[in-house]
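Trainee: One line per chain: the protein sequences are A and B, in this order.
Counting from 1, one number per residue, gives the positions in the first sequence under UniProt numbering.
Counting from 1, one number per residue, gives the positions in the second sequence under UniProt numbering.
Hints listed in this document are in silico derivations from the structure and should not be mistaken for laboratory results.
You may find that some hints are simply not true.
[To be verified] Ranges of calculated distance between the beta carbons of each label pair, as one might list FRET restraints:
id, chain 1, residue 1, chain 2, residue 2, range
1, B, Gln272, A, Ala54, 22 to 32 Å
2, B, Gln272, A, Ser26, 44 to 54 Å
3, B, Ser3, A, Ala54, 30 to 40 Å
4, B, Asp83, A, Arg278, 40 to 50 Å
5, A, Gly52, B, Gly102, 27 to 37 Å
6, B, Asp273, A, Ala54, 47 to 57 Å
7, B, Asp33, A, Ser99, 52 to 62 Å
8, B, Glu326, A, Glu221, 50 to 60 Å
9, A, Gly127, B, Gln343, 53 to 63 Å
10, A, Glu221, B, Thr149, 36 to 46 Å
11, B, His337, A, Asp224, 52 to 62 Å
12, A, Thr108, B, Pro340, 15 to 25 Å
13, B, Asp273, A, Arg55, 51 to 61 Å
14, B, Asn176, A, Ser99, 13 to 23 Å
Don't be surprised by glycine CBs; every beta carbon is placed ideally from N, CA and C.
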Amino acid sequence: MAEHEKITMAQAFNQALRDAMTADESVLMFGEDVGALGGVFRVTDGLTAEFGGARCFDTPLAESGIMGFAVGLAMNGMRPVVEMQFDAFAYPAFEQIVSHVAKMRNRTRGALSMPITIRIPYAGGIGGVEHHCDSSEAYYAHTPGLTVVAPATVADAYTLMREAIASPDPVVVLEPKKLYWSKDEVDLDEVQPGIGRAVVRREGTDATLIAYGTSVPIALEAADAAAAEGRSLQVVDVRSIVPFDDETVCAAVRSTGRAVVVAEAPGFASVSSEIVARVTERCFHHLAAPVRRVTGFDIPYPPPKLEHLHLPSVDRVLDAVDTLQWDDV
Amino acid sequence: MPSHDFLPSEQPVQLLDQDGRRVEDPKRAFPSDEDLLRAHEALVVGRRINEQAYALVRQGRLAVYPSSYGQEACEVAAALVLDDQDWLFPTYRDVVSIIGRGVDPVETLTLLKGDWHCGYDPTEHRVAPQTTPLATQLIHAVGVAHAATLRGEDTVVMAMCGDGATSEGDFHEALNFAAVFKAPVVFFVQNNEYAISVPLARQTVAPSLAHKAVGYGMPGERVDGNDVAALLSVLGDAVHAARSGAGPSLVEAHTYRMQAHTNADDATRYRQDDEVAAWQGRDPLLRSKAYLTGRELLTDERTAEIAAKAEAVATVMRDGLMQDVEPVPGDLFEHVHATPTPQLREQAAFLADELSREKVS
Ligand SMILES: Cc1ncc(C[n+]2csc(CCOP(=O)(O)OP(=O)(O)O)c2C)c(N)n1
Ligand SMILES: [Mg+2]
């Protein structure tokens, strides 16, 4: 295999945007501070310089405006990629997303499609003050018409962003802020599984950990720790929340007979609850124990000094695994 | 009212020029010596707060600080023109206004330290929680003002935001509601020329932000945001009008964000040093000091007294923020609902159990 430079997840997103903009002139990138500044997380760094201010640009400071503008641009042949600066600052755009972006294809019987990519830096673990650490995936996943992805690796950041931009439908790309600076040596030309596919990140035989986005590294770490104690944990990276890959996830769970879902969003009425329901419905007779969850508490995202108590930890994952009725076997 | 009565003046109102010389403006009352001395003291304290906060960020005691360095005249005037029964609705940048209204400095900085969200009781000094989701607080201000009207209270609400926030839909909705309900609100926009990296020219091509008022049927005025005398006068008039039943108005202060958006921002990526340097000479403190010294109101003794007061506030900030407040895990579950749900009680017990096992092992 050829040697490849190590790049960060932020750079992988950046490269995906660059390559998509090169490949297709109708791709536009816009939002708040995405021009000269290159985005507060530098994901759009250099795009205005390379493609000009008509392709990558700052808008007036208004998320509803950004989203509605994208709807109109998409109606007239453009392929907009918008950046919502932080998870909680996408809420002013919610009306446009739910009432228009998600429903346009359905309302018009397919006459109008919305090939829009909504980039949302999401989740916590970065010591951010209030409104900067929300895990808002459930709102989007609950909205029919939206595709929702949450990459956890540098390679997936590239692939899923390229697929999102190429998609004929609106895709919410949840970019895990905590992992923006994580580095990996990747061959961007290597084809990764696309949207709609989950991936087994680590083989294991005793139980399956199911995670996405920021929780994947926690699950992998927990699997390492468990291995040291003689327990073999499999890790499935969901990657694509909508569409959900029932096949891969359920095959994995059937192979071990036990499962724990890990996600940092509050657990009540969440993506993690959906995963538990789907797995239970499909794998009931293969399960040796009820499927457990390790999630954030059902509270507003806490202040920096308390967030470590809220977020799923390796210990909490291992504790949950311990409760999977091992003695009854 | 004919719409031209709503129009702001051609140039921002100025009562003290850059060198601290008085500018005549027949339409505006010049503040009393006493008021200007009080404002100068607040300016010196405000500057000290900004400097101290900056130092605390560098020492890792504050998670982040959006500084109002250079904008202190706006910050202090907004607090000084209000009475006790009035309300202030601040943004993340308005720490100096909040402290100016009497809120404890350490409680004010709780949010930016990261111990909790809002660290003070908003009802105590009538200061709403600092708001980060841009412009969303403006419509709350209108609600508070309207409730005051319904309850027959003599309350005016000062609703603050930045230039960038005027692009948000909530800005429009707030101004329209205020005008329609004739609510006693003063919308106070600190135009510091940037929204993080984005210059005002990308937010609006209106002649000024103050001109926007006309479209809602309320007066707009623009004022030199580094001239504390003009700010006291213009904001004071706006508060007086609101109090006397004339309804809301919009005041735009022209100022400049001297430092980066926050300590986490790199302003060299989007603006030139000489642009910043040009504003150095327009420092609000230099101006009020020159005026008061020229009038022999600022004696050495008074200057020393003011410096001591500023130092005292800085000491309170240092002492408070240097202390590590041991986070209370159970706080996570407090005040989510008036009565905790059964699920939250379970989760609180889960955490308590987890922590007690950690202690044992
Ligand atoms: C709804 C919303 N969108 C985006 C942000 C992120 N953000 C925080 S401050 C800021 C710039 C605000 O500029 P301005 O209103 O001019 O106030 P200033 O910071 O200059 O005081 C942005 C975009 C936010 N806080 N809220
Ligand atoms: Mg600004």
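Trainee: Confirm or reject each hint.
Mentor: Hint by hint, here is what the structure shows:
Between B/Gln272 and A/Ala54 the Cβ separation comes to about 24 Å, which falls inside the hinted range of 22 to 32 Å. Take B/Gln272 and A/Ser26: their Cβ atoms lie about 34 Å apart, and the range 44 to 54 Å is violated. Taken as a hint, the range 30 to 40 Å holds for the pair B/Ser3 and A/Ala54, whose Cβ atoms sit roughly 36 Å apart. Distance hint check: the CB atoms of B/Asp83 and A/Arg278 are about 59 Å apart, inconsistent with the given range 40 to 50 Å.
Between A/Gly52 and B/Gly102 the Cβ separation comes to about 51 Å, which falls outside the hinted range of 27 to 37 Å. For B/Asp273 and A/Ala54, the hinted distance range of 47 to 57 Å is not satisfied, since their beta carbons lie about 28 Å from each other. As the Cβ distance of B/Asp33 to A/Ser99 is approximately 58 Å, the hint placing it in 52 to 62 Å holds. The hinted window of 50 to 60 Å between B/Glu326 and A/Glu221 is violated, with their beta carbons roughly 27 Å apart.
Roughly 27 Å separates the CB atoms of A/Gly127 and B/Gln343, a value that falls outside the hinted 53 to 63 Å. A C-beta distance of roughly 57 Å is found between A/Glu221 and B/Thr149, which places it outside the suggested range of 36 to 46 Å. A C-beta distance of roughly 38 Å is found between B/His337 and A/Asp224, which places it outside the suggested range of 52 to 62 Å. At roughly 46 Å, the beta-carbon separation of A/Thr108 and B/Pro340 lies outside the given 15 to 25 Å, and the hint is violated.
Here the CB-CB span from B/Asp273 to A/Arg55 is close to 29 Å, at odds with the stated 51 to 61 Å. The hint said 13 to 23 Å for the Cβ distance between B/Asn176 and A/Ser99, and at roughly 21 Å that hint holds.
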